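Number of protein chains: 4
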Amino acid sequence: MIRIGIAGYGYWGPNLARAVAESGAARVEMIADMSDAALKRASLRHPAAALTTDIMEMIRSPQIDAVMIATPVNTHYPLALAALQAGKHVVVEKPMAETVANASRLVDEAQRRGLTLMVDHTFVYTGAIQAISKLIHSRELGDIYYYDSTRVNLGLFQRDVNVIWDLAVHDFAIMDHLFESKPAAISASAAGFLSNSPENMAHLTVHYECGAMAHLNVNWLAPVKIRQTLIGGSKKMVIYDDMQASEKVKIYDRGAVKGQDDYAHLVSYRLGDMHAPALSTKEALVSETEEFVRCIDTGDTPITDGVGGLRVVEMLAAASRSTELRGHPVDLVSLKVAS
Amino acid sequence: MIRIGIAGYGYWGPNLARAVAESGAARVEMIADMSDAALKRASLRHPAAALTTDIMEMIRSPQIDAVMIATPVNTHYPLALAALQAGKHVVVEKPMAETVANASRLVDEAQRRGLTLMVDHTFVYTGAIQAISKLIHSRELGDIYYYDSTRVNLGLFQRDVNVIWDLAVHDFAIMDHLFESKPAAISASAAGFLSNSPENMAHLTVHYECGAMAHLNVNWLAPVKIRQTLIGGSKKMVIYDDMQASEKVKIYDRGAVKGQDDYAHLVSYRLGDMHAPALSTKEALVSETEEFVRCIDTGDTPITDGVGGLRVVEMLAAASRSTELRGHPVDLVSLKVAS
Amino acid sequence: MIRIGIAGYGYWGPNLARAVAESGAARVEMIADMSDAALKRASLRHPAAALTTDIMEMIRSPQIDAVMIATPVNTHYPLALAALQAGKHVVVEKPMAETVANASRLVDEAQRRGLTLMVDHTFVYTGAIQAISKLIHSRELGDIYYYDSTRVNLGLFQRDVNVIWDLAVHDFAIMDHLFESKPAAISASAAGFLSNSPENMAHLTVHYECGAMAHLNVNWLAPVKIRQTLIGGSKKMVIYDDMQASEKVKIYDRGAVKGQDDYAHLVSYRLGDMHAPALSTKEALVSETEEFVRCIDTGDTPITDGVGGLRVVEMLAAASRSTELRGHPVDLVSLKVAS
Amino acid sequence: MIRIGIAGYGYWGPNLARAVAESGAARVEMIADMSDAALKRASLRHPAAALTTDIMEMIRSPQIDAVMIATPVNTHYPLALAALQAGKHVVVEKPMAETVANASRLVDEAQRRGLTLMVDHTFVYTGAIQAISKLIHSRELGDIYYYDSTRVNLGLFQRDVNVIWDLAVHDFAIMDHLFESKPAAISASAAGFLSNSPENMAHLTVHYECGAMAHLNVNWLAPVKIRQTLIGGSKKMVIYDDMQASEKVKIYDRGAVKGQDDYAHLVSYRLGDMHAPALSTKEALVSETEEFVRCIDTGDTPITDGVGGLRVVEMLAAASRSTELRGHPVDLVSLKVAS
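Chains as they are written, first to last, in the UniProt record's numbering: chain A, 1 to 339; chain B, 1 to 339; chain C, 1 to 339; chain D, 1 to 339.
Treat the hints loosely; a few may be bogus.
Which copy is meant is left open, because identical chains are indistinguishable; a pair holds if it fits in one copy or across any two.
In silico lysine-lysine, BS3-like type, Cα no more than 30 Å apart, as pairs [claimed, not checked]:
#: 1; residue 1: 236; residue 2: 182
#: 2; residue 1: 250; residue 2: 182
#: 3; residue 1: 282; residue 2: 134
#: 4; residue 1: 182; residue 2: 40
None of these hints come from the bench; they were simulated from the model.
Keep in mind that this is a model prediction, so the values were computed, not measured.
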């Protein structure tokens with residue numbers, strides 16, 4: 001049984017550890033966190049796991065086969081690199097790294113050593129995204145026109161990353177999974193309304209090579225939590241509302257729009273049918289853990305592998321660059337500013 | 001009693017005529033439309049009104065005191081100008097004109113002749129916007145950080161205007177009413193997915209002089225109708241959801257966000273209270289008609305006067321220019337491209 | 001063209017008159033109301049109609065072919081009877097009469113004279129109920145297990161009828177249209193919390209001969225308006241939520257419920273698909289008016305004819321009797337108390 | 001630290017064990033379940049706990065101070081009795097026992113021995129019910145007119161209890177906590193649509209001595225999960241919707257209902273304000289565990305003590321008796337049929 005070390009037992013680490021325990025496919029062998037309080041919490045839930053305040057010690061330990069990294073963003077790269085260099089398979093929390101160069105270096109290291117490198121883009125493993133993925137790749141939606149996401153809530157402001165790196169990263173990972181076309185350029189505007197805090201609100205537009213357009217609205221300072229994505233296709237359209245307890249994914253026929261006379265303007269409500277498919281209710285993090293273990297065993301490439309994680313970091317970097325240019329579009333291929 | 005002539009009895013004209021009849025403050029004296037079918041419908045609902053297929057004849061008729069213009073957009077300017085020149089008070093459908101120059105010309109003409117010129121920005125007269133206006137102008141929300149609107153539906157594509165001129169115009173009028181600060185620059189991206197049709201989807205960002213940011217998401221090709229606006233202030237935040245049958249406006253305290261340890265990331269749900277004020281249920285179009293009649297009688301400036309309508313056209317023109325520049329921000333003062 | 005007389009131009013009469021005008025299938029020839037203010041309102045909307053404060057005069061007038069009665073409940077019977085005796089076709093507002101005997105007398109009078117007698121059970125003509133009717137009569141839902149309706153709101157208390165006669169009447173008419181089986185007995189509890197007012201809250205249970213059970217929750221003193229009906233069948237289930245702007249009718253597969261171990265209790269969310277069919281958006285009252293005119297022309301029996309209206313009154317009477325018996329079930333056939 | 005034994009590790013036992021671990025106020029010392037598979041799951045989550053397939057052995061063990069019983073309903077009484085007789089404090093899953101006599105016997109046994117006896121009526125400990133409780137007991141709602149609950153979902157059918165004992169039990173416990181008045185009589189109708197299964201649908205009406213009326217709609221065979229309660233008071237009204245992610249409790253002013261003319265019927269939407277208070281987000285089961293430990297330490301009476309649990313069983317028994325009498329109301333005091 002694969003022996004897992006959990007690096008970081010703060011906000012997300014406990015979820016990773018629990019998913020490992022519940023999957024039954026691997027074992028939480030060791031947990032590392034600099035905080036004694038965190039380790040005390042860990043011991044209550046995982047009494048059989050070894051504990052340490054020295055993350056590097058755990059990474060190098062021969063007792064573990066793989067590391068899951070859930071530490072602050074600026075430590076993702078050094079810890080993941082050290083783990084790969086120690087011969088461990090790695091799952092790293094999103095975003096994979098703070099720069100394209102570092103993300104790329106992790107991909108290289110994993111490939112050179114034949115190790116499994118996975119990024120924890122959890123949403124990709126949800127029943128909702130898997131259902132939408134099937135709809136798109138089976139061409140049931142037709143050509144994809146747009147992806148339009150609102151991902152806002154009232155949250156604590158993070159200190160080390162802004163709202164783009166914290167929230168838009170989810171959509172970039174989902175889009176990387178759903179779109180067959182490549183993103184060509186990104187335009188982004190961001191604003192920070194509280195002093196001494198990173199930007200808390202941003203609007204991003206991604207232009208795809210196929211002509212499709214994606215738009216993301218991310219905000220830490222919204223009155224309520226909204227997680228809603230509209231996807232428009234030439235044949236059908238989708239609403240994915242992650243805040244619904246059921247019917248998270250609704251598929252709409254374009255519908256027969258009636259002929260209208262000369263003055264016709266808008267038809268308020270459509271006439272087509274709507275369909276909400278049954279979704280898998282398996283917890284995404286458990287599916288993700290199983291995928292990690294399966295790829296370690298088989299050598300397969302994970303659904304959210306390091307290369308995909310690198311593409312996501314490329315998009316994040318381009319978006320950041322665009323915000324500095326007041327929204328001027330930034331090309332993705334080489335991160336140069338679009339002419 | 002003010003005698004009104006209705007120019008255009010297609011999609012919107014019947015609503016104007018009905019509002020006049022219901023207000024009791026004015027009378028539908030004449031209805032003009034080039035279509036016989038439209039006039040037949042008009043005669044069923046307004047049997048006492050004179051009918052004509054010659055709009056100019058009605059505009060010049062001494063039998064009417066004021067004209068309400070609900071014709072295609074490209075005729076707004078010539079018809080409104082002719083009506084003013086004939087000494088009639090005018091309500092013109094939104095957008096007021098197709099160019100800033102023409103809108104400006106209408107303002108001048110009305111001022112010179114001392115006539116009431118009003119633009120039919122109906123939303124401004126709703127109980128919801130009036131309640132939000134009070135919240136903002138009483139400083140209950142504190143400083144305004146952002147206005148974020150989603151205005152999408154599945155509609156018939158218009159032939160003469162694109163989605164910005166059709167839908168974003170509503171938000172521009174609302175913003176003109178709510179914001180005390182001036183818009184400095186607009187950045188907009190638009191896309192048209194159907195051939196031979198104007199753009200059907202756009203995202204617009206408006207930068208205000210005070211630092212506030214507005215964002216509009218407008219789309220004719222969405223699976224469902226959404227009319228939702230988030231307004232963030234330094235003290236409170238608002239959700240305005242026009243699709244709700246009740247509680248269209250909800251006001252949220254920022255709430256006490258708990259202290260968190262080093263790993264703290266997001267708090268999913270806020271802890272503050274929410275309040276939904278009772279709103280006036282009076283029909284906006286009737287309030288608007290009463291405002292028109294009141295201003296004709298008193299010489300007062302209407303809430304949505306020609307000058308405000310001109311500012312809205314300036315924003316529309318700037319947004320259009322930005323879409324041609326792939327989203328490059330366009331300054332508003334002189335409609336020159338932002339450096 | 002059928003010439004219609006509108007008896008009563010208070011709350012509902014204007015809607016009937018408008019529906020007649022919009023249908024184009026008949027003409028509002030005359031409007032009668034005892035209130036001068038009501039007639040003034042009528043003249044603004046229907047300037048071509050003759051007006052009178054004497055309803056009986058209108059009923060007897062040779063200028064009209066049919067009467068639509070929208071007066072207080074206790075006048076339904078005498079006015080409808082007088083109209084039938086004057087040889088007019090009749091639409092009478094719900095409930096058709098205050099007693100089974102009087103409702104029965106109207107049915108007899110209409111049959112004897114070969115006149116069309118229709119009850120204005122408007123909901124039956126909505127796109128939603130017509131779609132549900134098709135689902136049930138095509139056996140797509142399988143055997144009907146239950147009909148469970150919540151019909152509550154904060155309203156003005158009526159003086160002449162209680163909440164059962166005001167709100168439950170809608171469900172009884174819908175059930176009469178949907179169920180093939182006959183109601184066997186009704187049990188009802190009611191309460192009135194305000195002094196000098198009829199009962200404002202009631203719960204009713206209807207036992208059908210086939211074993212199905214219907215339950216109605218009606219209340220004038222609720223904090224919000226709810227119009228939601230669950231219909232359970234052996235194959236599929238339906239939610240009909242009339243407060244939704246779209247997707248008013250949702251059809252759920254029973255779904256494959258997974259096998260469970262010995263301790264299994266509840267599965268929170270179902271796994272089957274959901275489907276929301278496109279509904280006709282035609283206004284119910286216009287469809288109803290067309291049905292009335294069609295039946296006058298052809299001699300056909302209307303969908304909501306007097307016999308159905310009589311069955312609804314029988315259910316109302318049984319429910320009232322049960323409330324007097326503290327909820328003891330009352331048999332429907334002969335209105336005797338169930339043993 | 002209080003040492004807890006968990007009796008039954010099937011559906012609910014794991015939640016109790018987790019709450020104990022998270023509260024930090026007590027320790028999961030031992031877990032008993034007849035199923036080896038269940039114990040294997042228990043060992044993954046609670047590796048430090050002793051395990052046994054012999055529940056009676058655990059109950060008698062000197063290693064534990066208190067027992068939490070989450071076994072099938074028909075074993076609640078014998079196991080709770082054995083635990084009390086062994087000198088252990090007890091939390092027993094709802095319903096406390098299958099008969100009033102047995103529930104009463106448990107209360108006596110606990111009182112005689114000075115042990116803490118608590119029933120796991122979890123909902124009472126939620127932030128929502130605690131907020132509503134404050135509203136009622138501070139008289140902010142005024143006199144309580146009604147409590148109207150819809151508690152339906154598509155679930156697996158239970159074998160040992162029907163839907164009344166499974167779902168209505170929650171409302172009875174909540175009502176026992178909220179109402180100051182005593183329930184006088186209960187009328188209930190139930191139906192079972194699947195063969196070899198207990199009743200899956202029921203409607204219950206509870207008449208209180210003060211004149212208030214409660215109604216419960218419980219159903220295992222509904223298309224969706226609904227958890228909605230309306231509470232009407234003379235001053236304010238409440239909606240408690242447990243399926244909402246936020247704003248679970250909304251408080252409505254009665255609102256000023258406008259004067260109306262003679263024909264006035266209904267006002268669709270109310271005019272008063274709405275307020276949604278911030279609710280504690282602490283997990284109810286953790287609060288409940290803390291209450292249990294606190295009462296063991298201090299000798300205080302728990303919020304949901306055995307006497308309250310007994311009252312709930314009395315209501316369940318009266319409801320069951322009424323279903324056998326076709327809905328005839330059953331008095332509560334002595335469980336005799338109401339005359």
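Hint numbers the structure violates, sorted upward?
-> 4
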